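A.B. asks: Listed below, chain by chain, are the residues.
2 protein chains.
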Amino acid sequence: MNNKISEGILFTDFYQITMAQVYFKEGMHKMPSRFEYFFRHYPDYGAHKAGYCVNAGLETFIKWMMSVRFDDESINCLRQHTDLSGRPVFQEAFLEWLKNEGNFNSLSIYAIPEGRVIHPNVPIVVIEGPIALAQILETSLLNHLNYQILIATKAARVKESALGRPVFEFGMRRGPGMAVNAGARATLIGGADFTSNAGISYQLGYKPKGTHAHSMVQAFLALGKSEIDAFRACAELYQDSSVLLVDTIDTLRSGVPNAIKIFTELRDKGYKPLGIRLDSGDLAYLAIQSVKMLDNAGFNDVNIVLSNQLDEIIIWQIITQIRSEAARYGVNAENLINRLIYGVGTSLITSKGHEALDGVCKLVAVFKNSEWKSTMKLAENTGKTLNPARKKIWRVYEDNGKAVGDFLSLDTEKPYDMDEIILRHPMDNTKKRILKKSDIFKIEELLTVIMDKGQLVYKFPSIEEIRKTKEIDMANLHSGVKRIIFPHEYHVSLTDALWKIKENLITKIKDEIGRQ
Amino acid sequence: MNNKISEGILFTDFYQITMAQVYFKEGMHKMPSRFEYFFRHYPDYGAHKAGYCVNAGLETFIKWMMSVRFDDESINCLRQHTDLSGRPVFQEAFLEWLKNEGNFNSLSIYAIPEGRVIHPNVPIVVIEGPIALAQILETSLLNHLNYQILIATKAARVKESALGRPVFEFGMRRGPGMAVNAGARATLIGGADFTSNAGISYQLGYKPKGTHAHSMVQAFLALGKSEIDAFRACAELYQDSSVLLVDTIDTLRSGVPNAIKIFTELRDKGYKPLGIRLDSGDLAYLAIQSVKMLDNAGFNDVNIVLSNQLDEIIIWQIITQIRSEAARYGVNAENLINRLIYGVGTSLITSKGHEALDGVCKLVAVFKNSEWKSTMKLAENTGKTLNPARKKIWRVYEDNGKAVGDFLSLDTEKPYDMDEIILRHPMDNTKKRILKKSDIFKIEELLTVIMDKGQLVYKFPSIEEIRKTKEIDMANLHSGVKRIIFPHEYHVSLTDALWKIKENLITKIKDEIGRQ
Chain A
1 MNNKISEGIL
11 FTDFYQITMA
21 QVYFKEGMHK
31 MPSRFEYFFR
41 HYPDYGAHKA
51 GYCVNAGLET
61 FIKWMMSVRF
71 DDESINCLRQ
81 HTDLSGRPVF
91 QEAFLEWLKN
101 EGNFNSLSIY
111 AIPEGRVIHP
121 NVPIVVIEGP
131 IALAQILETS
141 LLNHLNYQIL
151 IATKAARVKE
161 SALGRPVFEF
171 GMRRGPGMAV
181 NAGARATLIG
191 GADFTSNAGI
201 SYQLGYKPKG
211 THAHSMVQAF
221 LALGKSEIDA
231 FRACAELYQD
241 SSVLLVDTID
251 TLRSGVPNAI
261 KIFTELRDKG
271 YKPLGIRLDS
281 GDLAYLAIQS
291 VKMLDNAGFN
301 DVNIVLSNQL
311 DEIIIWQIIT
321 QIRSEAARYG
331 VNAENLINRL
341 IYGVGTSLIT
351 SKGHEALDGV
361 CKLVAVFKNS
371 EWKSTMKLAE
381 NTGKTLNPAR
391 KKIWRVYEDN
401 GKAVGDFLSL
411 DTEKPYDMDE
421 IILRHPMDNT
431 KKRILKKSDI
441 FKIEELLTVI
451 MDKGQLVYKF
461 PSIEEIRKTK
471 EIDMANLHSG
481 VKRIIFPHEY
491 HVSLTDALWK
501 IKENLITKIK
511 DEIGRQ
Chain B
1 MNNKISEGIL
11 FTDFYQITMA
21 QVYFKEGMHK
31 MPSRFEYFFR
41 HYPDYGAHKA
51 GYCVNAGLET
61 FIKWMMSVRF
71 DDESINCLRQ
81 HTDLSGRPVF
91 QEAFLEWLKN
101 EGNFNSLSIY
111 AIPEGRVIHP
121 NVPIVVIEGP
131 IALAQILETS
141 LLNHLNYQIL
151 IATKAARVKE
161 SALGRPVFEF
171 GMRRGPGMAV
181 NAGARATLIG
191 GADFTSNAGI
201 SYQLGYKPKG
211 THAHSMVQAF
221 LALGKSEIDA
231 FRACAELYQD
241 SSVLLVDTID
251 TLRSGVPNAI
261 KIFTELRDKG
271 YKPLGIRLDS
281 GDLAYLAIQS
291 VKMLDNAGFN
301 DVNIVLSNQL
311 DEIIIWQIIT
321 QIRSEAARYG
331 VNAENLINRL
341 IYGVGTSLIT
351 SKGHEALDGV
361 CKLVAVFKNS
371 EWKSTMKLAE
381 NTGKTLNPAR
391 KKIWRVYEDN
401 GKAVGDFLSL
411 DTEKPYDMDE
421 IILRHPMDNT
431 KKRILKKSDI
441 FKIEELLTVI
451 MDKGQLVYKF
461 PSIEEIRKTK
471 EIDMANLHSG
481 VKRIIFPHEY
491 HVSLTDALWK
501 IKENLITKIK
511 DEIGRQ
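Protein chains in written order, with the numbering used here: chain A, 1 to 516; chain B, 1 to 516.
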């Protein structure tokens, strides 16, 4: 496919363009507007649920945004689009405007940086600028952020479950098309140490990781050679980095004994063998038995790479099983657990159990007659009623450094100057609490300027820097919030002033309906 | 991101390249080999399960394959990759070979065409050629086919559930990054009539579809105008294609009455109003009430577009609810159902409930000493033992035209000449059945030559042609196999000759283990 059309500025929902034309026709297209991107719920994987998310995708989105515009080719696509009567859907005046001003150079973007821990109903990215262009940008923002946050969050959970041991991302073969590159990037942010994906690794400045496949052993066997010949060929080439896959024939009767012979040869030549990989069967049991054989042969620090349908729950289960059973076989459980490496594939790159973050991008204010006016949408489902107005986002820490909650204020409020902050639940009108100045150890504003009217004013951090941000934020979460199953709920609130604006808007719209 | 590295030939698992170097070092790299791509299980969505899959992704994969090669940039990435001791992982002789012959121009590809209905354990794509290059190609094959088959299959299920009514793909905002383009293509193959994704629609020669968003109504409200002003602005611009979103304020008290006013204006001007969209609340109930109001105003053929978390089960439930309840409100259920259009988003583009097809690509034979030698892999899980040898794939039809089963034969077998075909279950040794010539109405070979030693010898059909292929295959499936819940199991078998080769290889490998 020539992807120029499908990955350029037309990477958007069609209705964004038809709405842009409505705005153009009404003379509203340049009206400054504010759209906020947020998600409503943490991923819920079925039997388990997240208590936090990890922000990712911003740089990918911004670089896309800066690289696209309406050019002749994309405008021609629109020009040729006719309605049921055969008339052009898009008028020439509108196409002319798109040709001249159809880019994102007039928009400002505010965002919470990548790697930060984030929560529901908190704006993560804000677009301000001409409504017609903000509308066209909306789909791409949703697309890039929803997927990368989803995957970074899953990676953080897997890493927590792995108790800090290395996690390798192995999912590209079953992940969603070319998006596995964005997905692999998100796993590196969220918790994977490396990925098997060669191209994205090199592009991001990482070394890809891998072992070998069953096919290599099979090929040797088909030539009348043996598993050990295959292992030896591999070990001779990659003397200090060979991880031998031991389950092509029979893990404990063939694979591990053959690996030990090869490791002995390597040791005799002065090399330190790296590891074996288990890819089928009862991984906990096989890990215990393999380590026992390796230890008996004097390889007390060879790693065991586990793979095959792993996720945060299966890793937790494997560790639990090893802790219960290893001693029975004379193996030290904690020593074994500290030699494990997890190759996590499909479940990570697809966020198994929860396929999509429910992020939305909503119009919350427009600028008219020299002032910002808040906008509102009621809904059949009250949980979907949005939080209007231009606002700021704050995170509050207690004196042990732990984050205790996020809240949304009006743009003009200065909560760090207030003696007490009245906080309201974003959905439940009956819930209210008061935060006293003395309860607050630190208060931090979360949104940063990324683009100022089309100018990039933000220096994108490296993946390593983003990882550090994530580690600091994770360390500042209460452990109850990080629990894999049934996590404690982190507080997200509105200030009383913002809450009142929301209530007034709801009342006003309901009055309108009553009058009709 | 500069995606040249990550979307070029390095779009592969790193171990494919390290294995290629092992083969090179052993002088095996040019050995002709045969890899077969197949999946092991139909998607299982939890409470429901597929009884068939729809093939998709081949053209995307082949075009990628033909467009990439090892160039200076990708080779430099490999050259700079050092091991733990700081030595280069890849030797110059190997890199030199990659530079000269590191492309897919020597490979042959056989495949089942896109749009065909496909089943587990049946090879869908076959790679034949030098083992080192086939290995490097494996990941991309898996990636492209696994995702598109998964999504085309979900789309086919949604379309079946929709009883033939139009399905619009609306998922790009929550789908997986740029892969939503490949995903949208797969939905068009599998069952979606249109997609909201503007770029991929134009690229594939379709018209994208859409309505408008809540934000458009909100923007008008914020300017002191009303919902009806927003509707009118939209209807004046898109006179014969306006679908008005009626749930921004209150569906039945505001949205539908306002839409009816606008439709009346359109009708007075001689236009035929197209439809309304319901996006929240109890969609079945709101559809009944909306249609009642529309009918009372004389709009008996305005469409109702439904959206909000739809999938094949929710659509089925909505139709069931309408059939139970419409009459109570004086609405004709079948008339209403025949006016419904389904906007299906997240659940379709992410295959909600089953995130990844379990497709694998396995080495089944290598060519040595002038003959093809079958290869085998045992496994801890017996269900993963593969079917060896070069083979052909056949589909058998009974005299009513329905497909009754697929089977795999040796490449040299001619089943259409046999008086009876002994068929074996691929996993269960105890299951065997005999197909008599008289039972066979038609027998069809499924694999087609796509690339012959690097030459494209296949003309890619248009999406429209692929859709027709899919419709024919769907019509030839027994309805029990198409059932959304608990489908009947379609038969996939091995010929007795192929089965014997498999048994012999298993015995031989087990003997090997015994001798060690």
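Each hint should be verified, as a subset may be incorrect.
Since copy identity is lost for identical chains, a pair holds within one copy or between any two.
[As the list claims (entries may be wrong)] Once the Cα atoms are required to be at most 27 Å apart in a straight line, the calculated DSS-like pairs of lysine-lysine come out as: (1) Lys-437 <-> Lys-225; (2) Lys-63 <-> Lys-99; (3) Lys-261 <-> Lys-510; (4) Lys-508 <-> Lys-63; (5) Lys-292 <-> Lys-502; (6) Lys-225 <-> Lys-508; (7) Lys-453 <-> Lys-207; (8) Lys-502 <-> Lys-402; (9) Lys-4 <-> Lys-63; (10) Lys-436 <-> Lys-392; (11) Lys-482 <-> Lys-352; (12) Lys-63 <-> Lys-392; (13) Lys-292 <-> Lys-49; (14) Lys-352 <-> Lys-442; (15) Lys-436 <-> Lys-459; (16) Lys-63 <-> Lys-437; (17) Lys-436 <-> Lys-502; (18) Lys-392 <-> Lys-4.
It is worth saying that the hints were derived from the structure and are not from the lab.
Note that the coordinates shown come from a computational prediction; the quantities given were computed from them, not determined experimentally.
A.B. asks: Run every hint past the structure and note whether it holds.
C.D. replies: Against the structure, the hints come out as follows:
1. Taking the shortest alpha-carbon separations for Lys-437 and Lys-225, neither the intra-copy value of 75 Å nor the inter-copy value of 42 Å comes in at or below 27 Å.
2. In this homomeric assembly, Lys-63 and Lys-99 come within 27 Å of each other (Cα to Cα) only inside a single copy, at 21 Å, whereas the closest approach across copies is 31 Å.
3. Taking the shortest Cα distances, Lys-261 and Lys-510 sit within 27 Å of each other only across copies (20 Å), while inside one copy they are farther apart (78 Å).
4. Proximity of Lys-508 to Lys-63 under the C-alpha cut-off of 27 Å is found in neither arrangement, the shortest distances being 40 Å within a copy and 56 Å between copies.
5. Within a single copy, Lys-292 and Lys-502 get their C-alpha atoms no closer than 64 Å, and across copies no closer than 34 Å, so neither meets the 27 Å cut-off.
6. Taking CA atoms no more than 27 Å apart as the test, Lys-225 paired with Lys-508 passes between copies only; the shortest distance there is 13 Å, against 81 Å inside one copy.
7. For the identical chains of this complex, Lys-453 and Lys-207 are neighbours neither inside a copy (37 Å) nor across copies (33 Å), given an alpha-carbon limit of 27 Å.
8. Proximity of Lys-502 to Lys-402 under the C-alpha cut-off of 27 Å is found in neither arrangement, the shortest distances being 30 Å within a copy and 60 Å between copies.
9. In this homomeric assembly, Lys-4 and Lys-63 come within 27 Å of each other (Cα to Cα) both inside a single copy, at 15 Å, and across copies, at 15 Å.
10. Only within a single protomer do Lys-436 and Lys-392 lie at most 27 Å apart by alpha-carbon distance; the minimum there is 19 Å, versus 76 Å between protomers.
11. Taking the closest pair of Cα atoms, Lys-482 and Lys-352 come within 27 Å of each other both inside a single copy (18 Å) and across two copies (25 Å).
12. Taking the shortest alpha-carbon separations for Lys-63 and Lys-392, only the intra-copy value of 25 Å comes in at or below 27 Å, while the best inter-copy value is 47 Å.
13. Taking CA atoms no more than 27 Å apart as the test, Lys-292 paired with Lys-49 passes in neither setting, with 36 Å inside one copy and 41 Å between copies.
14. Taking the shortest alpha-carbon separations for Lys-352 and Lys-442, neither the intra-copy value of 36 Å nor the inter-copy value of 41 Å comes in at or below 27 Å.
15. Within a single copy, Lys-436 and Lys-459 get their C-alpha atoms no closer than 35 Å, and across copies no closer than 72 Å, so neither meets the 27 Å cut-off.
16. Proximity of Lys-63 and Lys-437 under a CA criterion of 27 Å is satisfied in neither setting, with 40 Å inside one chain copy and 62 Å between copies.
17. Taking the closest pair of Cα atoms, Lys-436 and Lys-502 come within 27 Å of each other only inside a single copy of the chain (23 Å); across copies the shortest separation is 74 Å, beyond that limit.
18. For the identical chains of this complex, Lys-392 and Lys-4 are neighbours neither inside a copy (37 Å) nor across copies (38 Å), given an alpha-carbon limit of 27 Å.
The structure is inconsistent with the numbered hints 1, 4, 5, 7, 8, 13, 14, 15, 16 and 18, although it conforms to all the rest.
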